[in-house]
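Following the hints, complete the assembly by docking chain C onto the known chain B.
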Amino acid sequence: MKRQKSDLDQLLREYFHEETREMSLDPAVLDRALGRALGPDRIHVETRWQRPWRRALSGLVGLAALVVVGLLLMPRHSAPLLHSHSSSFAAAHPVSATGSILPAGRVVALAASSPVTLWSLTYDHGLWQLWQGNPAGQSWQKTVEIPGNRREAPQLVFSGTGQGWLAVDQKAGWALFQKGHGGAWSALAVPGHPQQLNLAVQHGHLLAALSSRSSHSATQLFLLGGRDHWRKVPSQGLPGGVSSLWFASPQQGFAQAGVARYTTSNGGRTWTNVLNLQVAAPVTSATSASVPAVDVPTGGLDHHLAILGSKEWAIWDGALWSRANPYPETTWRRVATLPFSQRVRSLVFQHGGQGWILTGGGHLWTTRDGGHHWSLLK
Amino acid sequence: MRGGSGADTNRQAAIEEWVEQYADRVYRLAFALLGDRVQAEDASQDSLFHIARWCLSHPAFVPTDAWVYQVTRNAVRDLARRRPPRAVPLEEFHWVERQDDRQVERLDVARALAALPDADREVLVFFYFLDLTTLEVAEVLHISPTAARIRLSRARKRFKHAFEPSDAMGTPVRKEGKQ
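Which chain is which? The protein sequence lines are B and C, in order.
For the first sequence, position 104 matches number 104 in our numbering, and the numbering has no gaps at all.
For the second sequence, position 37 matches number 37 in our numbering, and the numbering has no gaps at all.
The following block holds chain B by itself, in its conformation from the complex:
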């Protein structure tokens, strides 16, 4: 049977997507690339025959090192955490380390829907898994399992009043799910077929920003109303390529597109470019000050920043910093030196000074005094 052009298009698309569907780069390859780039100038290209021997030798050396380190450190596991700055916050009540374990798979995001409920998003062999846990991270329950191709990082936002939304980039496009007050997650239609989708909560309602990846196009805003009906919000001045969107109040909002930051003071109707950062730092959604804010990493540097109302926190040079307002800019103040050196994946703050940090490797740290003292939940 002679193939039509559309058959051929579908054949090729399906072939490529099926062949690469669950492919993930070996972390060792990534580490070697970074090691070459950040190390000496000489390029060392490892030949294939060396790999098995190198891996075997690395395994033996690693095992021996673990034994030695374990023997040396075992008596010291209860040593107090170090912190270098006192603060104006009340002294923290020590949080005892518990035996919590983070969910399986690669943990890529951490969020809080309330002071008592944590959420973590993991990626494992082509599946996004959403886990619900208690603040101590002691127990986690898998709530949602959704296939995705990881073209874009997922979006996870909570209203603070029992509702939540999750957007996942799949082969066929973005898929949207919402959590009702009862706890069950259900599918929700996306208003269009965007290349990029960003979620934000505005005055308790879900706002979706739809755009292409090109900054030459415009971003469109849609507000989710009753009976799951989308209403387009007239909006001007927000280009495509938006990576983050959040509202500090029903009227005051911020958006990040590349290195450019935009702000609105009329609920999203008009946007103005107010800031160009030295390094692109997409930040995350936040709700109004009356409901808990949620830190939703969307990849890149998002996890270095958290927002609660108009207050911002950032990880910079191994320390936690905060400022009262991102625009107009106020001075950053150093809060505390962090008691670890691993890369930060997520930074979350709630009202009352409670916060969490998820580091590379899946370690979870918590604070009860606005970030001045941190305890490890491992």
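Don't read these hints as lab results, they were simulated from the structure.
These figures come from a predicted structure and were not determined experimentally.
Built from N, CA and C at the ideal position, the CB exists for glycine as well.
Please note that a few of the clues may not be correct.
Only some residues are given here: those of chain B computed to face chain C with a beta carbon under 7 Å [said to hold, decoys possible]:
{"#": "1", "residue": "Leu12"}
{"#": "2", "residue": "Ala37"}
{"#": "3", "residue": "Leu188"}
Chain C only, in chain B's frame:
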């Protein structure tokens, strides 16, 4: 917050994050272009290395998707120049004992793609795998939009010509007049 060492540390952390963010995409693109996982790993390592080094030496630079695709394409081309094309042994095709049409079809697609010139395979990968528009393909390949459309049309025709479905016994169906 603009101190030298602090800014350097943050820049390096940013670069690490970008590289990690693009790692899987680079790997899948390299595999789609090369059809071989081991070679795709090597090309990915080179590509991610170049991305990191460029970002390190250009402090104001922020990588875009199109730029990353270009770097990956170049890494794949460099790898192909260093190594001869890998001949796929016949036994790897595993002419299936049970007649799974879908598996046979996928093998035929792989064979047809492998038979194409690199330039044709590239444009098919960018269009069908990355879902780029012809405008975006033109940007990645540094050619005009018209040239991209022409190249895509030509690649489609060549792929269609190379793609011959096998019969149920696994014997390639040949056109009349050929051996």
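Of all the hints numbered above, which does this structure not satisfy? Sort the numbers upward. Number 3 - this is the single hint that the structure violates.
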